[in-house]
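Peer 1: Model the placement of chain Y on the given structure of chain H, informed by the hints.
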Amino acid sequence: MSDSLLTPGPGTETESAVVEREGMNVEGRSFAEQAWTRFRKHKLAIISTIALVLIALSFVFGPLLSPYTVEGIDIANRLQGPGAEHFFGTDALGRDLFVRTVSGGRFSLLIAIIVSLLTTVLGTVIGALGGYLGGWVDGFLSQLTNLFLIVPALVILIVVGREYGGSPISTAVLLGVLLWPGIARIVRGLFLQYKNQEFVLAARAAGAKSPRIMFRHILPNTIGPIVVSATLLIGTAIILESTLSFLGLGVQAPATTLGTLVSDAKGSLTERPYELLLPAGFIVGITLAINFLGDALRDALDPTTGRS
Amino acid sequence: MSTAEPVLQVNDLSVAFATDDGLVEAVNGVTFEVMPGEALGVVGESGSGKSVTAMAIMGLLPRTAKISGEVLYHGVDLLHLSDSEMRKKQGNDIAMIFQDPMTALNPVFTVGNQLVEGIRIHNKGVSKQAARARSIELLDLVGIPEPTIRIDNYPHEFSGGMRQRAMIAMAIANEPEVLIADEPTTALDVTIQAQVIEVMEKAREETGAAMMLITHDLGLVAGVADRINVMYGGRIFESGDTRTVFYESVNPYTRGLMSSIPSFAAREHERLDPIPGSPPSPSNFPSGCVFRPRCPHVVDRCKEERPELHVVDERHRTRCHIWEQLPALETAEATS
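These protein sequence lines map, in sequence, to chains H and Y.
Be aware that the first sequence starts at 1, since it is given in my numbering, and climbs by one per residue.
Be aware that the second sequence starts at 1001, since it is given in my numbering, and climbs by one per residue.
Hints listed in this document are in silico derivations from the structure and should not be mistaken for laboratory results.
Don't be surprised by glycine CBs; every beta carbon is placed ideally from N, CA and C.
Treat each hint with caution, since some may be false.
[To be verified] With a straight-line cut-off of 25 Å between C-alpha atoms, the simulated DSS-like cross-links for lysine-lysine are: (1) H:209 / Y:1303; (2) Y:1066 / Y:1088; (3) Y:1066 / H:195.
[What the hints assert, rightly or not] Derived coverage of chain H by chain Y (criterion: at least 3 residues anywhere in the stretch with Cβ under 8 Å from a Cβ of chain Y; other residues may be distant): (4) 190 to 200; (5) 203 to 210.
[What the hints assert, rightly or not] Here are some of the chain H residues that sit facing chain Y, going by a computed Cβ distance under 8 Å: (6) 31; (7) 217; (8) 220; (9) 221.
Next comes chain H alone, as it looks inside the complex (with noise of 0.2 Å):
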């Protein structure tokens, strides 16, 4: 009675040749094409970007490319303002200011990505357990969640930082504890949403492992708005980085931040304004272009925002 499977009846259309007869795209495209169509449309997004891919640079470069050291001292020239010889100035012990703030932000990006890994690999974890147990298991992941989000960060960072803060790792390791609540609420809740989903009892009904189900079944699909929180935790991070540095809680001298530079400069703001504006001026302006990059990766990573 199948014999007419293959080869459907005159009259009746076959599902093929509807697809060739709408002109559909019978190639396809990549969910990866599809992203970076959506990407593009944002303008501001693709200069941030590019900011940051510069900014990054100078970062990682400007020190190797400058005469000066981070450390160098040279009393003869002290408070020098910005010109051709040191770009920046020079402090007080006539340190060169370009290379202490490139160096400065080396730090601050290297701690900022460090928070952001590790607070996403923690929250992604809690949530997803969470989200997909359920029960007890849920009942105390997301007890915990909320002690965590509602205990005062800046209060616990004071407190903790002034006993094991100084080094840029314990200043990671700190702020990535305090941090992964936003992300793991945010995966929980995906996970609840995905897990009742028909793909996954089908997945269930294949006989997949519960680790396998959740990680590579439900996991995929909630990469989106994970990338775009992990985008937008560099720049929260940079900033509690340098609030902390600034009260001297965080990273110490002799290692030097944005935040520690912030701090050495506030007590010139008028004589020397430049002194402070600059790093804060790269705090606010990484900052921002990772909002817009953040804003724009939610568009492009978000299947559901039409096929175009």
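Peer 2: Structure of chain Y alone, referenced to chain H:
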């Protein structure tokens, strides 16, 4: 056929869920069997317990569900298997085709990816290339044009009918002995439904699988099923060979269902005869027969006593106190 051992035997299966309104009995004492290679239709309205029965067999019910009875696959009780033993059966010995092909495929993986995964979960030794070759074969079998190209498409690049074909390909990938299809055509266009049913029939011929076809579409079971279970309120109300249930039904619910199907043979201006009322909520079943509030032939006994499943003949069962009088009653009504 009747001499063979059944592949699947469901004995006195009950499923209840604890809710805020108390214990809800979704399935109550369901017993049936599926013979090798046969097609069993399970028919009923929404909430009749047909899908829950399927989920119980597949081991897909949440842990909070209270399940009792037996689900024997070749004599092995699936309800008491460990999770890992059950996973070996899922998708391998018993496979399921889901209702909505739009959501049953993972949107972020290609169709081929999902087929290959399904094969390799149960056959660790099979190489990716071999699994891919087999996947292309399967897509060809279910009538996907240009399977070598289509295998690398994402689900959203498939039409609804093609996705359901892909789902069928996945379900038969490991040549299961039992195929459970839960409303496989409900979400599809009418024109595509017939094609998908043909593909399912072909897939069944290829693999020799028995099928449990769950649907509320009586026309569909009439064409496909060898036997039918009619379910209502979590219970089997009538079971028998398809012809018997369609033409010699001795159950008021089944008869009500039959007279509510539109047909070309019906005379002009003849109105359909729907069953009045709506199915009872499983949290609040009426006393006595659960169909009583909607039944046209209620007698006093129906209020007090839940009817048993009566044996009509060797292959025909009905759940009604007055099944013997039914044909006479209805003839009398028709003439008056």
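Peer 1: If a hint holds in the structure, say so; if it doesn't, say that too.
Peer 2: Do the hints match the structure? See the list:
1. H:209 / Y:1303: 47 Å, violated
2. Y:1066 / Y:1088: 23 Å, holds
3. Y:1066 / H:195: 21 Å, holds
4. 190 to 200: With 3 residues close enough to chain Y, the hint holds.
5. 203 to 210: Satisfied; 7 residues make the cut.
6. 31: Since the shortest Cβ distance to chain Y is 7 Å, the answer is holds.
7. 217: 6 Å, holds
8. 220: 4 Å, holds
9. 221: 5 Å, holds
The structure fails to meet hint 1 from the earlier list, while all remaining hints are met.
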